[in-house]
Amino acid sequence: MSLARIIVPPASRGLDMAAGYGWPQSTAVRAGDYLFVSGMVAIDPASGERMNGTLTSEAHRVFQNLKLVLEGAGSSLERLVQVHAMIYDRIEYDALNRVYRQYVPNGPPARTVWSVQIIDAFRVQLDAIAIV
Amino acid sequence: MPVAREIIAPQNDKLNVSRNLKLPHSPGIRAGDFIFLSGMLSVDPTTGERSPGTVAHETRQTLSNMRHMLESAGSSLERVVKINVLLYDMLEFDNMNGVYRQFFPKDPPARTTCGVQLSAGMKVEIECIALAG
Amino acid sequence: MKKEIIDAPGISKHLKKEGIPLSAVVRAGGFVFVSGQPPVDRKTGKIPLVNISIQTKMVLDNVKVCLEAAGSSLDKVVKCTVYITNAAYFDEVNDVYRKYFKRNPPARVFCNVGSWPKKFDVEIDCIAIV
Numbered sequence: 001m002s003l004a005r006i007i008v009p010p011a012s013r014g015l016d017m018a019a020g021y022g023w024p025q026s027t028a029v030r031a032g033d034y035l036f037v038s039g040m041v042a043i044d045p046a047s048g049e050r051m052n053g054t055l056t057s058e059a060h061r062v063f064q065n066l067k068l069v070l071e072g073a074g075s076s077l078e079r080l081v082q083v084h085a086m087i088y089d090r091i092e093y094d095a096l097n098r099v100y101r102q103y104v105p106n107g108p109p110a111r112t113v114w115s116v117q118i119i120d121a122f123r124v125q126l127d128a129i130a131i132v
Numbered sequence: 001m002p003v004a005r006e007i008i009a010p011q012n013d014k015l016n017v018s019r020n021l022k023l024p025h026s027p028g029i030r031a032g033d034f035i036f037l038s039g040m041l042s043v044d045p046t047t048g049e050r051s052p053g054t055v056a057h058e059t060r061q062t063l064s065n066m067r068h069m070l071e072s073a074g075s076s077l078e079r080v081v082k083i084n085v086l087l088y089d090m091l092e093f094d095n096m097n098g099v100y101r102q103f104f105p106k107d108p109p110a111r112t113t114c115g116v117q118l119s120a121g122m123k124v125e126i127e128c129i130a131l132a133g
Numbered sequence: 001m002k003k004e005i006i007d008a009p010g011i012s013k014h015l016k017k018e019g020i021p022l023s024a025v026v027r028a029g030g031f032v033f034v035s036g037q038p039p040v041d042r043k044t045g046k047i048p049l050v051n052i053s054i055q056t057k058m059v060l061d062n063v064k065v066c067l068e069a070a071g072s073s074l075d076k077v078v079k080c081t082v083y084i085t086n087a088a089y090f091d092e093v094n095d096v097y098r099k100y101f102k103r104n105p106p107a108r109v110f111c112n113v114g115s116w117p118k119k120f121d122v123e124i125d126c127i128a129i130v
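Chains as they are written, first to last, in this note's numbering: chain A, 1 to 132; chain B, 1 to 133; chain C, 1 to 130.
Careful, some of the hints might be misleading.
What the hints assert, rightly or not - Here are the simulated DSS-like pairs of lysine-lysine, each with C-alpha atoms no more than 30 angstroms apart in a straight line:
#1 Lys106(B) to Lys119(C)
#2 Lys3(C) to Lys106(B)
#3 Lys13(C) to Lys106(B)
#4 Lys67(A) to Lys22(B)
#5 Lys106(B) to Lys102(C)
#6 Lys17(C) to Lys57(C)
#7 Lys106(B) to Lys17(C)
#8 Lys106(B) to Lys16(C)
#9 Lys43(C) to Lys106(B)
#10 Lys118(C) to Lys106(B)
Just so you know, the hints here were simulated from the structure itself, not pulled from any lab data.
Bound-form chain A, shown alone:
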């Protein structure tokens, strides 16, 4: 029997990248026990407005948005299994970690940090797989 593929309705208007930015992506898709979350950047969850800032301010915003998305889908930060943490420059590795630790203090998910250029000059982007 095949798994169902379920588009999770966006946790808030601002986090609906398809409606807000016309991007052909769903914020989160569920299949079986897993939740696949699109790359999350620092945008206002209510208005969708870009909140570019320091790596620290953006990382806080990204985690808070990720929490909204996960909880909206019946999951949570504690149920993250894999994260790709994209940062615009490896030099911000420690700054990323300082924020990161605050949101997943115990039994953190598997992670790989990719130093890559991110859309719209954001300094950090997280994509994730979680369990529901």
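On the provided structure of chain A, position chains B and C as indicated by the hints.
Below, chains B and C alone, put in the same frame as chain A:
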């Protein structure tokens, strides 16, 4: 009933970079039928120190350590379904492949390789998703 | 629980010929994992020098072939990663991508990576359900 989520740790403590360097990640997570490993850099399994070198050396060391990590969790390299290889310079693709091939001689996993900036002059980082044992 | 290697017509054979140690498509546990697909011409096995829109179309056509070979399809994709070499290509890639994922698109992440050692600018990998 929600699926269980378990932290995976390598039997060889020296390879537990997450814990040894106090980094906010786990070596791996098992959840449902799959195991998700954190990205691995080349680490000397006797000292736990980074082991930089040529792309060939780093690929070999990283994949050996990945084998150990998966086997510690009851899985194996043969059960890997998807790999991401991060290379400091894509011009070294063939050098990486030459060694990679030896670890996946038959039925290799799906893979994407891309060029990114890695830490501290390291040249190779590898992450994977595997079937649990 | 077993892992199955799927043969993707016009894709797997070129990988084998070049000795590239990856499987284009792997199926396991109700999911399909598609390797990063560059804009390879399935007939010739070569990457032509074409603009980003045509490259994106070729990439997504290859992704479609991979998925269908495994009993899946574009509308079963749960997560895509799009790798590009130049942020300026974002809009054009999106315009093509949109045509392949018209309704209820998968989760996605877009990232700019360093150039590959061949002359192309976009690659896409994905996870889908069977």
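Hint by hint, here is what the structure shows:
With a CA separation close to 29 angstroms, the supplied pair Lys106(B) and Lys119(C) stays within the 30 angstroms bound. Under the criterion of a C-alpha separation no larger than 30 angstroms, the hint pairing Lys3(C) with Lys106(B) is consistent with the structure, at around 12 angstroms. For the suggested pair Lys13(C) and Lys106(B), the alpha carbons sit about 15 angstroms apart, so the restraint of at most 30 angstroms is met. Between Lys67(A) and Lys22(B), the direct Cα distance comes to roughly 23 angstroms. Compliance with the 30 angstroms bound is thereby established for this hinted pair.
Among the hinted pairs, Lys106(B) with Lys102(C) is inconsistent with the structure: their alpha-carbon atoms are about 37 angstroms apart, more than 30 angstroms. Note on Lys17(C) and Lys57(C): the hinted pairing holds, with a Cα-Cα distance of about 24 angstroms set against a maximum of 30 angstroms. Proposed proximity of Lys106(B) and Lys17(C) is supported: the alpha carbons are some 14 angstroms apart, at most 30 angstroms. Between Lys106(B) and Lys16(C) the alpha-carbon distance is near 11 angstroms, which keeps this suggested pair within the 30 angstroms criterion.
At roughly 25 angstroms between alpha-carbon atoms, Lys43(C) and Lys106(B) fall within 30 angstroms of each other, so this suggested pair holds. Between Lys118(C) and Lys106(B), the direct Cα distance comes to roughly 26 angstroms. Compliance with the 30 angstroms bound is thereby established for this hinted pair.
Violated hints amount to a single one, hint 5; each of the other numbered hints is respected by the structure.
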